[in-house]
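Novice: Fit chain B to the known structure of chain A by using the hints.
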Amino acid sequence: MTTLAVSLSAFGRPEFWIGVGILVAIYAILTLGLQLNIGYTGIYNFGQVGFMAVGAYAMAVLVVEAGWSFWASLPAATLIAVAFAVLLGLPTLRLRTHYFAIATIAFAEIVRYVIQNADGLTGGSQGVLGFEIAWQTIALSLQADLGLAPELALVPLLIVAWVTLAVLFAVLLALGRSPWGRMLRAVREDEDAVRALGKNAYAYKLQSFAVAGAVGAVSGYLLALYLSFLSPDAFLASVTFISFAMLIVGGLGSFPGVVVGAFIVQVVLEGTRYLQLPLTDHQVASLRYILIGLVLILVMALRPQGILGRRQEMVLRG
Amino acid sequence: MTGRQPAVSVGRPGLPARRGALARHRGAAAAVAAAAALLAAGGLVDVAQATVNGLTAGAIFALGAVGLSLVYGSLRLINFAHGDFLTFGAYAALLANAGLGLPLVAAALVALAATALLGVGMELAMWRPMRARGAGALQLILMAIGLAFVVRYAIAFVAGPEPRRLGVDVTSSYDLPGGLRIGQTELWVTVIAFAVLAAVVVLLRSSSLGKQMRALSDDVDLAETTGVDTGRVIIVIWAFAGVLAGLAGVLYASALGSFDPNVGFIILLSLFAAVILGGMGSAYGALLGGVTIGLVQEWSTLFIDVRWKLVVGFAVLVAVLTLRPEGFFGGERRL
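Chains A and B, in that order, are what the protein sequence lines are. FYI, the working numbering numbers position 276 of the first sequence as 276, with every residue one higher than the one before it. FYI, the working numbering numbers position 142 of the second sequence as 1142, with every residue one higher than the one before it.
You can trust all of the hints, since none of them are fake.
Chain B residues, not near chain A, derived (Cβ > 12 Å throughout):
#, residue
1, Ala1035
2, Gly1042
3, Ala1050
4, Tyr1174
5, Val1191
6, Ser1207
7, Phe1329
A short, non-exhaustive set of chain A residues, derived as facing chain B with CB atoms under 10 Å:
#, residue
8, Val114
9, Asn117
10, Ser286
11, Ile290
12, Val295
Sample of chain B residues lacking proximity to chain A, with all beta carbon distances greater than 12 Å (derived):
#, residue
13, Val1105
14, Val1170
15, Leu1176
16, Arg1181
17, Ile1192
18, Arg1205
19, Lys1211
20, Thr1226
21, Val1236
Bear in mind the hints are in silico, worked out from the structure with no lab data behind them. Just so you know, even glycine gets a beta-carbon here, dropped at the ideal spot from N, CA and C.
Same shape as in the complex, but just chain A (with noise of 0.2 Å):
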């Protein structure tokens, strides 16, 4: 029994909750973006964590690479990733939902090859360091304000981290009630009654497209903040798709759902580190990427709507 235990004192330190409230928010910005295009739009968008690199890289590269400024680098790399989703929605999002899949998909995948392999501009492999001074002196002053520990560095982030959130849940939840958020559940509905009534559809899923995109750049931001150094592997397709199974924990069509599942799924991720089980950390790494799988299949076979989400909000079509 005593190789099946959870050793319980890692869940008792504050830095593990620090770093997991710090994940958490970044994962729930992210997915977000996937809310409003799932379940609010209906557009079938699989390569949310190309925003997130566009988003991330783009600071890092303006800051290092062209000296700006941080702070006028982070609105600047948010309109590149709207741009990069209009470029991409233009063509695709008139097509039916399995090209635009197929299509985000691939996106998102280039964009790890393209910063893989521009090496002269992102660092390839070696990654980029040096985006965050800014943010460390602030930093620095806000740990020494509010009197903290050195192994509480993080906490200032964590509350930067968990404002955006506020600050994006709240912007998202008000578009989610207003006629613009009104129009695009129409879309979902039915995309053929939008445009009987002379409404543009495709206008209307390209806009909610570029919104993911913003969204998710801002996740990018807090992610480099996070790991202070930036390298492809941080922007794997698996980031999408543990995104997509706090998505569906937290229910089809709710943002405070996005939160919830966000919580609960990292938690169960990040638990798993400290599973005293006889296995190696590669095969207990391959168990989480094993799980995340298997939440995707029973959720969506038992309760398509997710977890937590209203049947009637999810109306479910071929």
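Specialist: Chain B in isolation, oriented as in the chain A frame:
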């Protein structure tokens, strides 16, 4: 709103979309221009060498893409786990060869059978019950992605992340006329792949089962009303797709020399490009699309660094979706 509506079927029977003589000449002119650019960039020997390499890769892509396209056409399911079926085939061959001590050819045959069983097993366990419940597109896509994770990481769990190799000769090579070279294993891989592709074409064209598979992939309802036993043919399609994916995995692993559990996911992008180039749902289209993607990726190395090969495949995918989303080889079809 816009003039171009994707939901409308293009080119119904009786209304063939005729392409003018001008368009045909333009296509020929583009081909001549591309050939001239290739020769200018690389010289005859380099172009021929890239063509040989491209045919090897393209034949493997074609094997993988045919099954992916048939499954999509008949079930409207994008099998995101298809790349991992290739990985499964490669590792099954490794297990039978190195683990059980079977000779490589026998091990490869075991691997094909195992991959076919995986495909049929998942049809019975997941896809058929889900279709019976009228599952939507999102459900099916996410389940396919979940399956891809389970297959890939179950392989990684058992076999470990380190690169493996099949017991093939990766050093000997043959000199071809004109100063070209091809690795001994690559030559075998290419010959086997094209032989199987030829057999696939004969099977799809001439056998009753092949025709039924194509009919189902083209229009499920029409096939059903004309007396095709859809349940049975779907099983055959999965077995067929599994055998071809397993073979593609074994051949790719042999040609590459070493492989790891991510090999199938990486190749999946090229398979998608092949399927879309050929027209989603068309078996012949996927076949031609696969060979084309292999050639285009290898030819691109004459102009740009070899590391950008995959990006070239993606560029083709987006270009096709933009210019002619119904694909180039599948004939006119619904989008």
